[in-house]
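Student: Let the hints inform the model, and build the full structure from the sequences given.
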Amino acid sequence: GSSVGSIVCAVVAIRTDEELKELFSKLDIFDLSFFGNSQVAQIFRHLLDKGSLQDMSFLVKKLRKLLGDVTFLDAYSRTGRILNVTVCPADSNEPPRLLNYLTAPNVLVWSAVAASSAFPGLFEPQHL
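Using our numbering, count along the sequence shown one by one with no gaps and you end on 128.
I should point out that these hints are in silico values taken from the structure, not numbers from a laboratory. Treat the hints with care, as some may be off.
Derived lysine-lysine pairs resembling PhoX-like cross-links, with alpha carbons at most 25 Å apart [what the hints assert, rightly or not]:
1) K65 / K21
2) K62 / K21
3) K65 / K26
4) K61 / K21
5) K26 / K61
6) K26 / K62
Tutor: So, in structure tokens, the structure goes:
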């Protein structure tokens with residue numbers, strides 16, 4: 001997945017079937033807000049100060065809570081599910097990268113998802 005799709009894919013790929021059942025049974029109380037700046041003044045201030053509309057640190061905090069410190073290899077070893085996350089380099093002359101348990105086994109899933117979600121103008125770019 002990429003961007004928001006990578007969040008959904010990661011939630012599923014790092015959990016066993018039983019863990020997913022438990023998670024989805026609590027979904028109505030689960031906090032799925034990923035934007036920290038909700039007021040117009042906050043958004044414009046962040047745009048002027050950082051060059052993006054939203055604060056990536058807020059998203060990273062949410063992703064770490066939602067996904068934990070699990071690597072691609074950890075997730076595959078636990079569930080047998082293959083998670084693929086696409087990320088685009090900051091240099092537009094480079095091709096996108098596909099991250100998974102074979103190409104990036106030791107990369108933390110939350111960091112790959114954050115990088116994939118770093119839509120230009122919305123969130124600032126992220127480094128793996």
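Student: Now look at each hint and say whether the structure bears it out.
Tutor: Verification of the hints:
Annotation: proposed proximity of K65 to K21 holds, straight-line Cα distance about 18 Å (limit 25 Å). With a C-alpha separation of about 20 Å, the suggested pair K62 and K21 falls inside the 25 Å cut-off, and the hint holds. With a C-alpha separation of about 15 Å, the suggested pair K65 and K26 falls inside the 25 Å cut-off, and the hint holds. A threshold of 25 Å between alpha carbons decides the hint, and for K61 with K21 the separation of about 24 Å falls inside it, so the pair holds.
At roughly 20 Å between alpha-carbon atoms, K26 and K61 fall within 25 Å of each other, so this suggested pair holds. Restraint check: the Cα-Cα separation between K26 and K62 comes to about 17 Å, which is no more than 25 Å; the hinted pair holds.
In this structure, none of the earlier numbered hints is contradicted; all agree with it.
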